[in-house]
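S.K.: One-letter residues, chain by chain:
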Amino acid sequence: MIGIVGYGSYLPRYRIKVDVIAKQWGADPEAIKRGLMLYEKTVPGQDEDTITISVEAARYALQRARINPQKIGAVYIGSESHPYAVKPSATILIDALGIGPHVHVASYEFACKAGTEAMYVAYSLVKAGEMEYAMGIGADTSQGAPGDALEYSASAGGSAYIMGKENVIAEILFTNSYTSDTPDFWRREHEFYPRHAGRFTGEPAYFKHIYNAGKTLLEKSGMSPKDFQYAVFHMPNGKFPQEAGKKLGFTKEQMEVGWISPWMGNTYSGSSPTGLAAILDVAKPGDKIFMVSFGSGAGSDGFVYKVTNEIDNVRNLAPKLRDMLDNDKIYLDYGEYAKFRKKIILNE
Amino acid sequence: MISPRYHREVAQRYRLEAGKCKQCGNISFPPRLICPKCKSKTFETVKLSREGKILTFTIIRVGPDKFSKETPYLVAIIELNDGVRLTAQVADCNVDKVEIGAKVKMVFRKIQDEGKSGLHCYGYKAVLV
Amino acid sequence: MSNEMRSRSAGRDVAVIGVGMTKFGELWKKSMRDIFVEASLKAIENSGVDHIDSMYVGTMSGGLFVGQEHIGAVMADYLGAAPIPATRVESACASGGAAFRQAYFEVASGLSEIVLAGGVEKMTDGADVTDALATAADQEYEVYNGITFPGLYAMIARAYMHQYKASREQLAHVAVKNHKNGSMNPNAQFRSPITLEQAMKATMVADPLRLLDCSPVSDGGAAVIVCSLDYAKKLKRPYVKVVASAQTSDTIALHNRESLTALKCVSVAAEKAYKQSGLKPSDINFAEVHDCFTIAEIVVSEDLGFFERGKGGCAASDGMTSIGGKIPINTSGGLKSKGHPVGATGVAQIIELYEQLTGNSGERQVKNAKYGLAQNMGGSGASCVIHILEAV
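Residue numbers (numbering that gives the first Met the number 0), protein chains in the order written: chain A, 0 to 347; chain B, 0 to 128; chain C, 0 to 391.
Do not rely on the hints blindly, as some may be mistaken.
Label-pair ranges, simulated between beta-carbon atoms [to be verified]: (1) B:22 x C:162: 27 to 37 Å; (2) A:147 x C:69: 53 to 63 Å; (3) C:130 x A:338: 15 to 25 Å; (4) A:97 x B:93: 46 to 56 Å; (5) A:180 x C:130: 28 to 38 Å; (6) A:285 x C:162: 53 to 63 Å.
Simulated coverage check for chain C against chain B, where a stretch passes if three residues somewhere in it have a Cβ under 8 Å from a Cβ of chain B [stated by the list, open to error]: (7) 41-54; (8) 96-104; (9) 122-132.
Honestly, the hints are just simulated from the structure, not real lab data. Being a predicted model, the structure only gives us computed values, none of them experimental. For each residue, glycine too, the CB sits at the ideal point set by N, CA and C.
Let the hints inform the model, and build the full structure from the sequences given.
M.R.: Given below as structure tokens:
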């Protein structure tokens, strides 16, 4: 049996409401909330970035896995906001957590699906017998251009997954990927903000890849939507994942627990991995989870998990996602938000 | 170029590694060559507790250049549960609501940047629990 | 290594025979060299000597403030004193006191007869003052994490106020008293009195310390001439005798100190100084103490034995440390009002002692001043230099 042996998430405490952003740009907050099904999003503190978020998420994953960090053979962080363009984020994470130095480290990038890529590769190395344990992390402090639609959703947070063969809490039964050259959203080197192709990001990008990856995964697994207790998809806003899930044949009830974007925003590489963590916090032994991520550019990674009896032993060893999402929030006004997100031009 | 100076402190700043005197048990953070209490020179590496309490603090309203955009921020002298004291910022808090004796835990945060193209410098901060 | 305190003095008796200082303030037209030379020439003239054998220059950081090191050589050159030995002495804000102590050793040991001890700092030439001053603290474990100098003393203030129930007003009274004294000092940077309300309402710098709780950024120089007591007697000019010289060190980081509400480096140096001179705190008629921040004066006054632990707070508000009070402190205006060109401060304190003990302080005169104490301190209390001088 190969799968997840430890998981952890981290969300910053800061939030900004959709209403506040809308007011700033003279938009109608109710229309935004209705259209995107977003209410508020997480904002990273000035001292937080993809690396600090990954370290805290990974620390919780280690608490749940209860393994010697030195046994981890690879650590991959997937993000589109790595603090360095050259110097992998995980080189800092391993020293912070006492992992390595006999460890393989790399950074992954594929817009919002870099996290699931890291998870897939980590899982594959364990499956191939290359190492006992490997960690895949999806974390981001994504940027939305001022006044752009993405400003309502681009948020911060991440989740870490340790893959292994012993004391597995969620077995990985099937995986697949579906990729094509679809220019729906990108960022050129040295540009501060990404760009996107408006409505083209919907049908031809998000829905096409999630649907095809999802359909193929169902075929590969020989299962149908009703066999699953939970489903989670990449969540660029509140609306898209519900539509995609419905198209594949999943119900609102199945998607409920993992559907956290209305309050979290879109944590990009952390999106579906964090939805998965919310599910693992409550899932019961025997439950099956269907997950498909999406990264612009474009591609999707699919996973089928089966929760084991071990989940009850580890769930409470670290903070739960819902606690982090719902409690101890600090709300910002637009000025503070702009300062934190470095959107203000300073005299440097 | 501060790489060597930064790199030397990574074990202390990232993992809170300290030196415990083998003779008298006094813990020096950061580790030292000679024990300030008993003057012995043999040590073992230990990891400090990540929990503690605030002994005293201040709110920096006029900050040095590197931190000028983060004011007001709170800096405290914290006593960890193993008796070791250190100076650290207390993050994510309402600066007007902190009190002496408040319980904290240590977290991993970015402390400062070396300008626009230099190193990101990480280390420890505290958060209220 | 024994920690026994020595109570014997260094050798023969030493006297201060002349003093000189520049005004303290923003001296835009004067360079670091100009300032040091001006103060030194005044001191030499005031002393009546026609040569000096050696010189010490106390300065915290010529390098960070004006990009200049090798200060001893620079100043000897510009003073026209080459080829005498010239040494720069550094102990952060106690550089001046430490420079004076070196001069004292050189005369007491018999190695030289006439030595100049000077201090200078040029802080307004555009350097990042906060960063430069922070080098007096632990760079890797205090400053790296965002603390500033006012922040360190603010933490001491908060701990002190919490433990002894002292009030913000008590701190403000120190500032008011020192500005009142400074208004009578022609060399002071700030020469107008301030009100309690102004001190209480000034901009907050690091809670609970406000702008008027903090000493300013200043340029300035001060110098004194030191020689043997026998030589001083021959010169037939006013002189005072050095009866104690003590210096201590403590942990560089505030968080490693034994106490957050007492400055051990001061109390240990004070004990040494009292033992050397055979005096008690109650024998001291007035003192210049290192009020880099108002809280420092309060805590130091306790460490010096003038007040019981926890009772230093009401010293200023009750008038006990005013001129004419039980133990006048900082009759010069202190660092607060006179200014704090870092390296010059310790020497300027000696100058105030000399003027008071030779009856030359005009409106600021302490009556029947026989013994004066100067306490100079580096960083948040990592080094301390204390001298006691006697009127003869």
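S.K.: Hint by hint, which ones does this structure get wrong, listed from lowest number up?
M.R.: The structure breaks hints 4, 5, 7 and 8; every other hint is satisfied.
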